[in-house]
Amino acid sequence: QVQLVESGGGLVQAGGSLRLSCAASGSRFSIAGMGWYRQAPGKGRELVAGIFSGGRTNYVDSVKGRFTISRDNAKNTVYLQMNSLKPEDTDVYYCNTYPSVTPGYWGQGTQVTVSS
Numbered sequence: 704q705v706q707l708v709e710s711g712g713g714l715v716q717a718g719g720s721l722r723l724s725c726a727a728s729g730s731r732f733s734i735a736g737m738g739w740y741r742q743a744p745g746k747g748r749e750l751v752a753g754i755f756s757g758g759r760t761n762y763v764d765s766v767k768g769r770f771t772i773s774r775d776n777a778k779n780t781v782y783l784q785m786n787s788l789k790p791e792d793t794d795v796y797y798c799n800t801y802p803s804v805t806p807g808y809w810g811q812g813t814q815v816t817v818s819s
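The sequence shown: position 67 = 770 (my numbering), numbered continuously.
Because the hints were derived from the structure by calculation, they are not lab data. Beta carbons are placed, not taken as given, at the ideal position from N, Cα and C, and that holds for glycine. Among the clues, some could well be false.
[To be verified] With beta-carbon atoms standing in for the labels, derived distance ranges: (1) Val804 with Gly711: 36 to 44 Å; (2) Val804 with Asp764: 14 to 22 Å; (3) Ser773 with Ala743: 20 to 28 Å; (4) Gly757 with Gly719: 14 to 22 Å; (5) Pro790 with Ser756: 32 to 40 Å; (6) Gly729 with Lys767: 23 to 31 Å; (7) Ser733 with Thr816: 31 to 39 Å; (8) Ser728 with Lys789: 30 to 38 Å; (9) Gly711 with Asp764: 20 to 28 Å; (10) Gly745 with Lys778: 28 to 36 Å; (11) Thr816 with Ser756: 29 to 37 Å; (12) Pro790 with Arg731: 32 to 40 Å; (13) Ser803 with Lys746: 30 to 38 Å; (14) Val705 with Asn761: 15 to 23 Å.
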């Protein structure tokens with residue numbers, strides 16, 4: 704059973720930075736594409752960034768040039784470096800498989816709050 708645990712969220716002023724981490728259990732992590740998703744209250748989850756096992760990445764247009772997704776297969780961890788944060792980046796951030804999510808893998812997420 705794979706378990707994903709997100710961490711690294713917090714409160715930051717606009718223009719600041721945060722680094723999110725997603726620690727994954729399970730032996731198949733290195734061959735799985737992984738993604739970061741976010742959800743605002745009352746809205747569905749949307750993809751923020753994804754990274755394939757070979758390292759190719761994709762980003763939603765609103766975060767291009769500001770966010771960077773990376774992975775460390777030796778540590779079974781995927782990261783999201785978020786720079787130049789904006790108030791509209793305020794959401795709960797989750798990790799899951801990419802490009803298709805695995806419904807049973809959703810964790811608790813980590814709250815990111817950006818103040819103006």
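Status of the hints after comparison with the structure:
no., hint, in the structure
1, Val804 with Gly711: 36 to 44 Å, "violated, 20 Å"
2, Val804 with Asp764: 14 to 22 Å, "holds, 20 Å"
3, Ser773 with Ala743: 20 to 28 Å, "holds, 25 Å"
4, Gly757 with Gly719: 14 to 22 Å, "violated, 31 Å"
5, Pro790 with Ser756: 32 to 40 Å, "holds, 34 Å"
6, Gly729 with Lys767: 23 to 31 Å, "holds, 30 Å"
7, Ser733 with Thr816: 31 to 39 Å, "holds, 32 Å"
8, Ser728 with Lys789: 30 to 38 Å, "holds, 33 Å"
9, Gly711 with Asp764: 20 to 28 Å, "holds, 23 Å"
10, Gly745 with Lys778: 28 to 36 Å, "holds, 35 Å"
11, Thr816 with Ser756: 29 to 37 Å, "holds, 32 Å"
12, Pro790 with Arg731: 32 to 40 Å, "holds, 37 Å"
13, Ser803 with Lys746: 30 to 38 Å, "violated, 20 Å"
14, Val705 with Asn761: 15 to 23 Å, "holds, 22 Å"
Against the hints set out earlier in the document, violations occur for numbers 1, 4 and 13.
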